[in-house]
Amino acid sequence: MAEARPHRRADRPATLAIDRLRIEIAMQRGVARVVDDVTLEVWPGEVVGVIGESGSGKTMTALSVLGLMPRPARIAAGDIHLQGQVITRLPDAERRKLRGDRVAFIPQDALRALNPVLRVDRQVGEPLNIHRGTPWEKAKQRAVELLGAVHLPHPAERAREYPHQFSGGMQQRAMIAMGLALEPELLIADEPTTALDVTVQAQVLKLLREIRDTHGTAILFITHDLGVIAELCDWVYVMYAGAVLEQGPVERLFGQPAHPYTQMLLRATPTVRTVQAELLSIPGQIPQPFDLPAGCRFADRCPQRFDRCAREPPHIQVESEHTARCWLLEGEPVRLPHESGIDAMRPSTRSG
Amino acid sequence: MLRLIAIRLAVFVPTLFAASLVLFVAINVVPGSAAKAALGIDATPQAIARFEAQHGLDRPLHVQYFEWLGKALSGDFGKSFQNHVPVGPEVLKRLPVTLELALLAFLIANLIAIPLGALAAFYHQRKMDTGITFLATVLGAIPNFWLATLLILVFSLTLRWLPAGGYAPLIDRPIVNLKQMIMPAVSLGVVSSALLLRIMRTAMIEVLTSDYIRTAFAKGATRGIVIWRHAIRNALIPYLTVGAVEFGFLFGGVVIIEDIFLLPGIGSLVLVGIINRDYPVLLAAALVVTVVVLAANMLVDIVASLLDPRQVHAKAAA
Amino acid sequence: MSAALTPATASVRHHGVNWRRWRLLAIGGTLVGIVIVCALFAEVIAPYSPYDLDVAVMLQGPSAMHWLGTDEIGRDVLSRAILAARISVQVALVAVGVGLVGGTIIGIVAAYFGGWIDLALMRLMELLFSFPAILLAVILLASLGTSILNAMLAIGIIFIPGFSRLARVATNDVLRQHYVDAARTVGMGDGRILLREILPNVVTPLLVEAAVAFAYAVLLESALSFLGLGAQPPEPSWGNMLNTGRGFMAQAPWLGIVPGMAMFLCVLGFNLLGDGLRDAFDPHLRE
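Line by line, the protein sequences are chains A, B and C. Take any residue in the first sequence, count from 1 to its spot, add 109: that is its number in the working numbering. Take any residue in the second sequence, count from 1 to its spot, add 254: that is its number in the working numbering. Take any residue in the third sequence, count from 1 to its spot, add 17: that is its number in the working numbering.
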């Protein structure tokens with residue numbers, strides 16, 4: 110299976126290409142490098158998962174694509190390309206035109222992400238009004254259609270309601286409908302299922318797959334839930350302390366994880382559960398963004414560290430486009446046995 | 255929604271009674287004061303006793319209170335000690351003046367506070383925020399009666415654009431009326447706007463850090479759309495709720511302002527009452543001012559609740 | 018990682034001193050200092066006696082002889098304004114004192130006894146608080162009689178609800194801590210230790226409230242004097258100076274401008290002091 114990335118196309122650029130991105134925040138204590146030399150791609154029709162603990166820089170990376178980083182953060186180096194167009198230093202007036210139109214954002218907590226004083230149809234139809242100048246009557250009608258497309262029951266009645274009158278799953282569907290309003294090329298989903306219960310989560314994932322299949326949308330899916338990655342994603346990036354430690358096709362990553370960190374992640378999650386709690390039990394400290402070590406950033410917690418780890422490893426090829434930043438790969442790749450294969454990860458196979 | 259209003263009303267009424275009790279007690283806290291006030295400090299004890307018997311002031315306080323209250327509820331506020339004219343009709347005649355002044359001042363205060371507060375919040379921790387906040391502090395320190403004096407100096411005495419006092423009813427001569435009302439309303443409104451500005455700023459800052467604001471930006475909304483369509487309406491809810499008290503205080507300022515601008519309203523009636531030591535007048539005027547204040551408080555609070563769909567529409571079954 | 022707007026504390030540093038935090042305090046403190054100096058040393062500072070009248074020089078504008086001009090019976094405005102600070106400070110002091118003592122007692126009683134006493138007292142305080150201050154002051158003066166002393170009392174009563182709230186919260190904190198720690202420690206001595214720990218936390222909000230109350234007291238006293246219900250002539254108060262000055266605005270505008278400016282600067286000073294104290298000691302603003 111030493112193929113290139115399946116969704117990679119020769120005839121067109123990647124939908125999203127992040128190239129050696131570095132994001133810094135100037136604070137009292139010093140400069141925090143929250144995203145360090147991250148390279149990441151999402152191809153049309155591909156679902157890319159980004160997994161990492163809190164503070165790994167995954168959300169900041171996503172926000173930088175939208176141009177919605179909090180004010181003190183700035184892009185110190187690198188570029189972001191949308192369909193080949195460089196958007197890194199685009200003035201905000203131009204960036205604004207991309208948001209909601211070519212790139213859509215689906216956040217974690219749908220209830221808090223919806224405006225409590227506006228009706229749902231107004232909010233879902235708003236992108237049409239903003240970007241296409243669609244008059245409100247038509248925009249609201251379109252909103253009802255969109256809500257139907259995301260399988261919201263009784264969309265016409267529901268659309269006239271307020272967000273607090275929806276259930277959690279319905280709210281997230283509304284957010285997705287909002288994101289799809291202008292058929293974006295790229296959908297960025299930041300932990301959209303974390304706040305939902307398992308059955309609803311499965312429905313939302315199914316919906317996202319449907320969207321990908323119908324529209325060929327590229328999806329960047331940020332999560333700390335391995336099960337969701339296994340279920341939905343084609344390609345995975347593993348982030349830690351601001352850097353990508355490993356990236357590759359989802360089957361390979363789960364079947365033959367190359368980086369010790371990925372291995373520990375998988376070992377810590379024998380069943381479909383989120384990774385957060387177990388990760389806290391890995392001994393050692395996540396390096397602070399102010400104080401990044403000169404060598405491999407995972408060395409402090411890595412059971413397999415050795416003398417070469419004093420220098421930060423580059424991405425080393427494991428196989429085809431599967432790479433990881435670990436000196437252990439120069440030479441025999443280390444394989445750790447583990448009980449569960451990727452199939453045990455997928456919630457759909459478990460629940461039948 | 256009706257439940258909302260009903261609850262507020264249910265609280266309002268007893269508060270009103272309690273307030274009337276406080277006023278009554280406050281005025282009568284010193285025995286014999288009413289008589290001495292009407293007759294003079296060196297009135298003889300016999301004169302005092304006769305006066306009190308005449309006006310029923312020698313009865314126990316609670317009896318007096320209930321009688322006064324009962325009459326007041328039916329519109330009879332007694333007769334002035336001074337000229338024995340019934341107080342009720344006078345109060346009624348003066349009420350529209352005060353209401354117009356209060357409403358205009360309220361309008362001016364909000365016209366200043368809401369946009370500036372929103373602006374300061376949007377540019378939080380940058381120069382515009384610091385500047386606006388400092389402006390609010392300075393404005394809030396200005397005594398409203400000094401501002402009134404200065405306005406008269408500039409606009410009446412120097413520029414001769416506006417009259418320094420007097421009152422023509424709005425219905426009869428609207429332009430003159432507005433010319434007479436503008437300076438009093440500005441005096442009252444500008445100083446109150448300072449505190450309201452801070453309240454709006456705080457409310458707005460809170461709103462602007464909400465997730466739904468980020469969603470609005472993520473949809474490609476411009477700054478204007480974010481502020482005016484998404485943020486302000488949310489900020490208005492806590493603004494009105496917290497600001498309701500300040501609106502009450504704003505109306506209290508009518509006592510001085512009406513005096514300065516010779517407006518025949520309830521506020522100046524309070525002063526007439528105290529200067530003439532005319533207790534029935536004073537009580538009646540004070541009570542009406544209090545009613546207006548408490549009612550304004552309640553109304554603003556109700557509007558705040560109505561702006562919040564979470565309080566108006568019950569959560570539907572999932 | 019939350020993507021909420023991070024509060025970036027961009028405080029300017031000048032040689033290690035955090036100017037932004039202490040700036041308000043400095044300006045406020047200076048203004049208040051000036052007022053207090055005027056109040057204490059009026060006789061020494063004032064160029065003339067505030068009572069000396071000389072009809073020959075009445076209604077003269079600011080000049081080298083009289084920096085702020087003369088009033089309608091020839092008194093030096095500057096000297097009167099300086100002495101008027103004393104009245105304002107005196108009234109504010111007594112009023113804040115009355116409010117503090119009264120409010121503290123009520124607050125402590127309410128918190129200590131709890132139950133319906135707490136409810137009744139706090140409802141009463143809320144009610145008093147919802148009255149416009151001027152109105153309440155006027156009513157009280159109607160029955161007590163109009164004099165400076167009664168003005169002090171009336172304004173003090175108006176402040177009681179505000180201070181009672183603070184005292185009640187503080188007492189509740191102490192009591193709660195006491196019960197929690199009483200389970201762990203032995204002996205009454207700890208109660209006093211706790212008070213010594215609680216007190217620093219209480220002092221700051223108390224000082225802030227007191228500074229703001231001072232400002233409001235000055236404002237109220239001036240308003241009452243303005244209406245003729247406070248300080249009586251020939252005693253100079255900024256309020257009654259403004260009131261008489263009002264009548265002469267056409268020919269002698271400085272008579273109206275000066276006392277008002279003094280009021281404004283005094284109130285501003287105390288407000289800035291209060292704000293400055295709050296910012297200087299607010300734990301949230303600590304980096």
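It is worth saying that the hints were derived from the structure and are not from the lab. Treat the hints with care, as some may be off.
As the list claims (entries may be wrong) - Here are the in silico distance ranges between beta carbons for each label pair:
#1 C:PRO64 - B:LEU275: 47 to 55 angstroms
#2 C:VAL61 - B:PRO350: 29 to 37 angstroms
#3 B:PRO340 - A:TRP245: 52 to 60 angstroms
#4 B:PRO428 - A:PRO200: 45 to 53 angstroms
Unchecked claim - Computed cross-link-like contacts, DMTMM-like style, restricted to lysine to aspartate or glutamate with a CA-CA straight-line distance of at most 25 angstroms:
#5 B:LYS381 - A:GLU246
#6 A:LYS247 - A:ASP201
#7 B:LYS333 - B:ASP383
#8 B:LYS381 - A:ASP201
#9 B:LYS381 - C:ASP71
#10 B:LYS381 - C:ASP296
Glycine is no exception: its CB is placed at the ideal position from the N, C-alpha and C atoms.
Results for each hint:
Between C:PRO64 and B:LEU275 the Cβ separation comes to about 52 angstroms, which falls inside the hinted range of 47 to 55 angstroms. Distance hint check for C:VAL61 and B:PRO350: the Cβ-Cβ separation is about 53 angstroms, which falls outside the suggested range of 29 to 37 angstroms. A C-beta distance of roughly 57 angstroms is found between B:PRO340 and A:TRP245, which places it inside the suggested range of 52 to 60 angstroms. Checked against the given bound of 45 to 53 angstroms, the beta carbons of B:PRO428 and A:PRO200, roughly 50 angstroms apart, stay inside it.
Between the alpha carbons of B:LYS381 and A:GLU246 the distance comes to roughly 40 angstroms, so the proposed pair goes past 25 angstroms and is violated. Distance restraint check for A:LYS247 and A:ASP201: the Cα-Cα separation of roughly 28 angstroms exceeds the 25 angstroms cut-off, and the hinted pair is therefore not satisfied. Among the hinted pairs, B:LYS333 with B:ASP383 is inconsistent with the structure: their alpha-carbon atoms are about 54 angstroms apart, more than 25 angstroms. Between the alpha carbons of B:LYS381 and A:ASP201 the distance comes to roughly 21 angstroms, so the proposed pair stays at or under 25 angstroms and holds.
Our distance criterion of 25 angstroms between C-alpha atoms is broken by B:LYS381 and C:ASP71, whose separation comes to about 51 angstroms. Taking the CA atoms of B:LYS381 and C:ASP296, the gap is near 18 angstroms; set against the 25 angstroms cutoff, the hint holds.
In terms of the numbered hints stated before, the structure departs from hints 2, 5, 6, 7 and 9, listed from lowest to highest.
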